[in-house]
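*Asks:* Note that the protein sequences, when read in sequence, are chains F and X. So that you can map any letter, position 283 of the first sequence is 282 in numbering that gives the first Met the number 0, and since no number is skipped, the others follow by simple counting. So that you can map any letter, position 306 of the second sequence is 305 in numbering that gives the first Met the number 0, and since no number is skipped, the others follow by simple counting.
It should be emphasised that the hints constitute simulated quantities derived from the structure, not laboratory data. Predicted model only: the values in this text are computed from it and were never measured. Each hint should be verified, as a subset may be incorrect.
It does not matter which identical chain is meant; a pair holds if it fits inside one copy or across any two.
[What the hints assert, rightly or not] Restricting the straight-line Cα-Cα distance to at most 20 Å, the calculated cross-link-like pairs of lysine to any residue (SDA-like) are:
| id | residue 1 | residue 2 |
| --- | --- | --- |
| 1 | K35 | V442 |
| 2 | K115 | E315 |
| 3 | K464 | G133 |
| 4 | K464 | E200 |
| 5 | K464 | P129 |
| 6 | K115 | D126 |
| 7 | K323 | K376 |
| 8 | K464 | L123 |
| 9 | K323 | G211 |
| 10 | K323 | A365 |
| 11 | K135 | D275 |
| 12 | K135 | L306 |
| 13 | K115 | D275 |
| 14 | K323 | G221 |
| 15 | K464 | L519 |
| 16 | K96 | D266 |
| 17 | K464 | S134 |
Number of protein chains: 2
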Amino acid sequence: MKRLQSYLAGSWHEGQGDPIVLHNPATESPVAELRKATALGEALRYARETGGPALRALGFPQRGALLSRLAKLVHTHREELLDLAMENGGNTRGDAKFDVDGGTAVLAAYAELASKLGDAPWLLEGDVEPIMRGSKIRAQHVLCPRVGVAIHVNAFNFPAWGMLGKLAVALACGMPVLSKPATSTAVLAARIAEILVAEGELPAGAFSLLLGPAGDLLDHVGPQDVVAFTGSADTGARIRGHAQVVAHGVRVNVEADSLNAVVLGPDVGPGSELFDLAIRDLVTELTQKAGQKCTATRRILVPQERLDDVRQVLRERLADVATKTGDPQQKEVRMGPLSTAQQLHDAQAGLRALAGSATRIAGDPARRSFVGVPEGKGWFLEPILFEATAAAALDPAAAFHRIEVFAPVATLLPYDGSVAAAARIVAAGEGSLVTTVYSDDRVFVGEAVTALAPLLGRLVIADEKTANASLSPGCVFPVVNHGGPGRAGGGGELGGRAGMQLYLQRTTIQGGGSQLARLLGTGVG
Amino acid sequence: MKRLQSYLAGSWHEGQGDPIVLHNPATESPVAELRKATALGEALRYARETGGPALRALGFPQRGALLSRLAKLVHTHREELLDLAMENGGNTRGDAKFDVDGGTAVLAAYAELASKLGDAPWLLEGDVEPIMRGSKIRAQHVLCPRVGVAIHVNAFNFPAWGMLGKLAVALACGMPVLSKPATSTAVLAARIAEILVAEGELPAGAFSLLLGPAGDLLDHVGPQDVVAFTGSADTGARIRGHAQVVAHGVRVNVEADSLNAVVLGPDVGPGSELFDLAIRDLVTELTQKAGQKCTATRRILVPQERLDDVRQVLRERLADVATKTGDPQQKEVRMGPLSTAQQLHDAQAGLRALAGSATRIAGDPARRSFVGVPEGKGWFLEPILFEATAAAALDPAAAFHRIEVFAPVATLLPYDGSVAAAARIVAAGEGSLVTTVYSDDRVFVGEAVTALAPLLGRLVIADEKTANASLSPGCVFPVVNHGGPGRAGGGGELGGRAGMQLYLQRTTIQGGGSQLARLLGTGVG
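Only chain F is shown next, with the shape it has when bound in the complex (with noise of 0.2 Å):
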């Protein structure tokens, strides 16, 4: 069986301690396996030490060109990546090219950005301004590069896509990383980190994996470092909290649990290109990687009077996906299995949980026959859509606006369709990633983005002019903020150049006007 290694303080360990084992969640064969590295605190030195200098020396444009050359270098071996993230991840072959080519994208989204942010070793933010009115002496804000280790925390559902978009921003930066991918996935992960150390002319501890259980990897953090973490809430906290954490100040960034919403306008009617859109992104965001997506569709707001439409179609084109269930292996298979067996057991405990504030009117969550699998075998759902009444919809309390289950499940839940319910609703889920609004009443979308933005990462307004152009929600480009307020934890990542905000450290420069120019290649101001 592969042996994967973790690739820390410059060289490639096996780890030690039992091995840890990796399956293919459709067969629950074993793929791979892994051991706990050791060493964690020298690691992050060496990155701190060796990688953050070399990083600094290159300049933006520099390591734009770094990234450049990693993303042609993903991209050279997307066939094989393709194949670990059906075998290892449950994937089907759209699902890897959806995380695989996702992070090329971000990689190369952030070669050409740094490309153009100059040789300063800072980026200047705002203006050149005197420090108050009359006085001679001038502030400018600088963001430069901070001289710790950029520590990704990746979750299970895109090893490719989660790996290289953290680290696209982070080298853009100037800060060395050290990844740690899910255990469960890091088949795909461990691949591309083989290749970037391969091939990929990185600068010496600009790059380390850490494969398995962190460890005590907190425990030597430092003042200058960052944490960007994706996953669960509970882990989340675990971060946020953690002792060495808080004393030395580090950065954390969390991305966390989202119980995204879409909004059918009351405009928005059966045979529009608008209600088509609204039901093909519906169900792409439901059975996309299995509904293990972060951005993933969880709460359905429709107008009552469109109820009985919406549920009568979504039902048909969820019960097509269900009978394509199975084996990504599998040519005919749309929806592959969840990840792992806990996976499974947690969505199930939430299946159960939802079911205390909901009706559950379609899917079958103890089927145990999957496409081109023995029955019983593989960690499958097929996709559930629950319907709550209107009185529910409104109630804070309710399971649907508190609990993500990470599979492909969601909750229909009706509104009187007027912005104030709509908001009501969506704001019970106390922040989240991603909402998307249907509708081409001008009145209805400018009332909803004043009232849905602040309890948002995302507003995606679709309307029927851009209806054809129209990507579906949960897809994250580059150049938008990927973070929510509240339960989604409070963070932002990607965003073009806001994301980077992340790794620099804003620092104002105080003095003569003259002293700044030079020293900055600012105006006089």
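Chain X: place on chain F using the hints.
*Replies:* Frame of chain F; chain X shown alone:
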């Protein structure tokens, strides 16, 4: 005795339980009392539900007009407020102006800034961009007011500036404020609150005042709330790790301990204007507010060959201040007491710790007789200067790199005149609010900016040319970033528009180009 009241949920409350007595720290006479407030969850809900919508309905320019009115109002009551600062804060009249006028200046600065931000309910950030090359779908970041409460927990040393500075930024952003001053010096903050409430024409719920212990306040925070805290690292850590804060992803800004440094460049010798400026600033930064200033200088890096000069002149100047330390009501007094008996006790403990790493070369911690007060009365400490060896200066474990003695106390640290050594010494403080470099050597300054900036929230460059216009580096102007990485808490406040990010949610609005142009007033992109 004056009974201070909390202003919660739109009315004044005496609180309940045993009175907490506030003192004049120069004479130890009681000056006021207050009692613990209750029903804090209700107070937060009132602010969130009544104050929030009212403030958001105003828009940026109207909120700017409100701040302008508040600035004038505070200025109208200036003399009364200065007297209170002297009485309850132990401030000299100069210290009191620094606090009160500083607060007025932040109100005025954000009034002006907000007046220029347009009438939209959000700020645009960056440009509208295609979500991917060739797509008709665009993305635009907006920053919109968070729909929660801004909870401000302030330190005892700046009851006016701390409260008004935080208030100005939050109100400019449209967030209602619940302000909790430090108990020991709450007389000034309570009086300002009275003035704001009585004459400020604030919308109902826009401002609340919580006096005394925070009680169960944090048990009631929600996902859209923001906590901005200034104070000790320990309390900062407790806030960050609070279960409800963590569970709801509440945004937290911490400004905590900071071992601010001054670096005298190797080119700066006695007799130069720059040398004189450095000495003048050092005396100010050691003794203003009795050294109880988060931006006060704690570590003074001096080239080995200048050590005798600096030591001699500083000892003379500090000895002069020592003879003028006493009750600020006395005309000749230049430095008042520490704020509380506990502060004096903690400072004495800190002095003992510093004595393990450096030698005391000026000041007597045991002195008991001060100007205008009976022997043994008042919480006084005369200016104290330590000096370390060059070897100790480079030791990150040395007490002066780890312990902030919040009093008129600093340590001379000889270094070899190189930027590398200076950066190593500054970095040993693990992140600070501000460091100042005094030099006319362009190479030295240039290297110093690159090496020091990431370790700081603000870097001040002082040169001969602007020496006459320079302002002491501990002065925080509204346009400069106030906060620092690591030990300094990892936060950022003020800094003009950058500081508003704390109270705004970044949200990407994604949709068709003409749709975004209509909704957001952007170009079509």
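*Asks:* Of the numbered hints stated earlier in the document, which are not met by this structure?
*Replies:* Violated hints: 1, 2, 4, 8, 9, 12, 13, 14, 16; rest satisfied.
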